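Q: Each chain is listed here by its residues.
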Amino acid sequence: MTAPPPRPGRGGAPLPLLLPALAGLVFLVLPLVALLVRAPWRSMPELLTSAEVWQALRLSLVCATAATAVSLVLGVPLAWLLARVEFRGRGLVRALVTLPLVLPPVVGGVALLMALGRNGVVGRWLDSWFGLTLPFTTTGVVIAEAFVAMPFLVISVEGTLRAADPRYEEAATTLGASRFTAFRRVTLPLIAPGVAAGAVLAWARALGEFGATITFAGNFPGRTQTMPLAVYLALQNDPEAAIALSLVLLAVSVAVLAGLRDRWMTAS
Amino acid sequence: MTADDPAPAAVSAPLPAEGLDARLVVERGAFRLDVALSAAPGDVVALLGPNGAGKTTALRALAGLVPLSAGHLRLDGVPLERTPPEDRPVGVVFQDYLLFPHLSALDNVAFGPRCRGVGRARARAQAAEWLERMGLAEHAASKPRRLSGGQAQRVALARALATHPRLLLLDEPLAALDARTRLDVRARLRHHLAEFEAVAVLVTHDPLDAMVLADHLVVIEDGRSVQEGGPSDIARHPRTDYIAHLVGLNLYRGEAAGHTVRLDAGPAITTTEDLTGPVFVAFPPSAVTLHRDRPTGSSARNLWRCEVTGLETHGDQIRIALTGELPLAADLTTLAAAELGLRSGTPVWATVKAAQTHAYPA
Numbered sequence: 001m002t003a004p005p006p007r008p009g010r011g012g013a014p015l016p017l018l019l020p021a022l023a024g025l026v027f028l029v030l031p032l033v034a035l036l037v038r039a040p041w042r043s044m045p046e047l048l049t050s051a052e053v054w055q056a057l058r059l060s061l062v063c064a065t066a067a068t069a070v071s072l073v074l075g076v077p078l079a080w081l082l083a084r085v086e087f088r089g090r091g092l093v094r095a096l097v098t099l100p101l102v103l104p105p106v107v108g109g110v111a112l113l114m115a116l117g118r119n120g121v122v123g124r125w126l127d128s129w130f131g132l133t134l135p136f137t138t139t140g141v142v143i144a145e146a147f148v149a150m151p152f153l154v155i156s157v158e159g160t161l162r163a164a165d166p167r168y169e170e171a172a173t174t175l176g177a178s179r180f181t182a183f184r185r186v187t188l189p190l191i192a193p194g195v196a197a198g199a200v201l202a203w204a205r206a207l208g209e210f211g212a213t214i215t216f217a218g219n220f221p222g223r224t225q226t227m228p229l230a231v232y233l234a235l236q237n238d239p240e241a242a243i244a245l246s247l248v249l250l251a252v253s254v255a256v257l258a259g260l261r262d263r264w265m266t267a268s
Numbered sequence: 001m002t003a004d005d006p007a008p009a010a011v012s013a014p015l016p017a018e019g020l021d022a023r024l025v026v027e028r029g030a031f032r033l034d035v036a037l038s039a040a041p042g043d044v045v046a047l048l049g050p051n052g053a054g055k056t057t058a059l060r061a062l063a064g065l066v067p068l069s070a071g072h073l074r075l076d077g078v079p080l081e082r083t084p085p086e087d088r089p090v091g092v093v094f095q096d097y098l099l100f101p102h103l104s105a106l107d108n109v110a111f112g113p114r115c116r117g118v119g120r121a122r123a124r125a126q127a128a129e130w131l132e133r134m135g136l137a138e139h140a141a142s143k144p145r146r147l148s149g150g151q152a153q154r155v156a157l158a159r160a161l162a163t164h165p166r167l168l169l170l171d172e173p174l175a176a177l178d179a180r181t182r183l184d185v186r187a188r189l190r191h192h193l194a195e196f197e198a199v200a201v202l203v204t205h206d207p208l209d210a211m212v213l214a215d216h217l218v219v220i221e222d223g224r225s226v227q228e229g230g231p232s233d234i235a236r237h238p239r240t241d242y243i244a245h246l247v248g249l250n251l252y253r254g255e256a257a258g259h260t261v262r263l264d265a266g267p268a269i270t271t272t273e274d275l276t277g278p279v280f281v282a283f284p285p286s287a288v289t290l291h292r293d294r295p296t297g298s299s300a301r302n303l304w305r306c307e308v309t310g311l312e313t314h315g316d317q318i319r320i321a322l323t324g325e326l327p328l329a330a331d332l333t334t335l336a337a338a339e340l341g342l343r344s345g346t347p348v349w350a351t352v353k354a355a356q357t358h359a360y361p362a
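If you read the protein sequences in the order shown, they are chains A and B.
The numbers in UniProt numbering rise by one with no breaks, and the one at position 139 of the first sequence is 139.
The numbers in UniProt numbering rise by one with no breaks, and the one at position 331 of the second sequence is 331.
Treat the hints with care, as some may be off.
[As the list claims (entries may be wrong)] If we take Cβ atoms under 8 Å as the criterion, some of the chain A residues that face chain B in the derived model are:
#1 P166
#2 R167
#3 Y168
#4 L175
#5 A177
#6 S178
#7 T181
#8 L190
#9 L235
#10 D238
[Unchecked claim] Ranges of calculated distance between the beta carbons of each label pair, as one might list FRET restraints:
#11 L132/A to P84/B: 39 to 45 Å
#12 V93/A to D215/B: 18 to 24 Å
#13 S50/A to P101/B: 48 to 54 Å
These aren't lab readings, by the way, just hints derived from the structure by calculation.
Quantities reported herein were computed from a predicted structural model and do not represent experimental measurements.
Backbone N, C-alpha and C define an ideal beta-carbon position, used for all residues, glycine too.
Turn these sequences into a full structure, and let the hints steer you where they fit.
A: This is how it looks when you write it as structure tokens:
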């Protein structure tokens, strides 16, 4: 029950630091508080049970999950390549992989149209050979989200791989494991927490994806209209619905953060 | 380099020789390792040397984790230079064991057989047998972090042996253990190595580990083998300062003429051996006697003027480092050191009886 002894010297933070710090905190928290304050709590149940909301929410969850799956299947091997194999131009490859992180998503959407659109570099062959059209479809949503979200996963998994001791893989090979077996049975279980964290990060990013999606996949209710798109649209004609939808996304974000709490909030 | 390459198989007769026959050349930047090793099945060879000498590189080259720049590697007559590590009949016990942290002790041991195509149930049964032999049956389900250092080391040994290697490699097998468990683990390891029917090569910087565990020592300094032989031979006839220091001997090089050796370091030393030509002279620090005043009537003909440069406890003795006419180390009891009032800078006379020196051809 003893209080900690007072620290010697002048306690407390100096004002030139304290004031901007508090202002920054208010700046970050105030909009979220406003969202809660202005929420139409009374009409919330009917707003959230409307068919359109469920449709958008379901589409969002399905597409974000599919985009995460794509990111895992392609991104984990890519991260392994960047972390474990020395090759010329590795720095360049890493920069290219990271580019979508900083690229405005709408530019990503335009780029995807140029590549996979009906007249795109690859898209025209997909169309003429397989009759496959990607833009303005649900698959297009998944592609747009994966394009934006995968770098988060790659960066996260590569960091974990670099921190993991590569000698475990060596130990596995001396026991007769091929490099792939060593990866599957030793490395992957060892980096599982990092892969999970990267997947959650990518999933959250995919769920909130707006610019690339609306550019590449459009905004068709039930087909390509995900939650962020629905929020944006609702804001024009039905602000209360927009707030309600935003609260749903906020709740999902808080849940994700809570899930990652052990990993990041308590770090350092 | 082509001269070092193994001759084409068509030309060389198949080698009937069993065991290990290797010349390991690894070049990395300015560092060059060039060591020849050979051993018969049942032999335990220790690579002994200071840190950075290239011992671990040699081990990694044997395992295939580092490619050979030149030289050859044959195991039971089969060339292995180009064989990837997963296809070599080699087992490795790594310095910090590298047990897979997400697998139980049993699954760690079963990992090798599983990778080599043994079915799951059979691999686990074999692993259980190995753990039983190592006295670890009750720890089969434990994760590595729950094992003590000694237990982890035995699991690592079981894991390496479970693939029935023809060459067992151990990298500093006792370095990760504290002094108390070390004694016990060393004795157990010696027992297991004695049972092992193929070649074992271990790497250590501890001469005691090397001498207890191995029947053949290869001393490596700066990437080259500087001396090899049986443990007692190396302990008695060190050829470099490093080994002499390791086994606790004063070692000098000189030119012998009868019982007198003119040392490269300066003075002459009288020995019992009668030799001519270049020789080594060695004597233990305990053979040195120190006096504050020049001894009179002493029978010791080896008498030098020295100065104390350092004192450190060495077991229950005090080891005194001396410079002067002859740089040397002397061991005194604490009492004797106190009576002489030795401290850094004290001038002393050092004597060594000829009977306690040992000279041998260089």
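Q: All hints are to be evaluated individually against the structure, with a verdict given for each.
A: Going down the list of hints, with the structure as the test:
For P166/A, the interface hint is violated, the least distance from its beta-carbon to any beta-carbon of chain B being 10 Å, above 8 Å. The criterion of a C-beta within 8 Å of any C-beta in chain B is met by R167/A, whose closest approach is roughly 6 Å, and the hint holds. At a threshold of 8 Å, the smallest CB-CB gap from Y168/A to chain B is about 6 Å, leaving the interface hint in force. With a cut of 8 Å, the hint placing L175/A at the interface with chain B holds, because the nearest CB-to-CB distance is about 4 Å.
For A177/A, the suggested interface contact is upheld, since its CB lies about 4 Å from the closest CB of chain B, less than 8 Å. For S178/A, the shortest C-beta to C-beta distance to chain B is roughly 6 Å, which falls under 8 Å, so the interface hint holds. For T181/A, the interface hint holds, the least distance from its beta-carbon to any beta-carbon of chain B being 6 Å, beneath 8 Å. Annotation: L190/A was flagged as interfacial toward chain B, and the flag holds, the nearest CB pair being 6 Å apart, inside 8 Å.
Hint on L235/A is violated. Least Cβ distance to chain B is approximately 48 Å, over the 8 Å limit. About 51 Å separates the beta-carbon of D238/A from the nearest beta-carbon of chain B, more than 8 Å, and the hint is not met. Against the hinted window of 39 to 45 Å, the Cβ-Cβ separation of L132/A and P84/B comes to about 41 Å, which satisfies the hint. Between V93/A and D215/B the C-beta distance comes to about 51 Å, which lies outside the given range of 18 to 24 Å.
Hint check: S50/A to P101/B, Cβ distance near 50 Å, so the stated range 48 to 54 Å holds.
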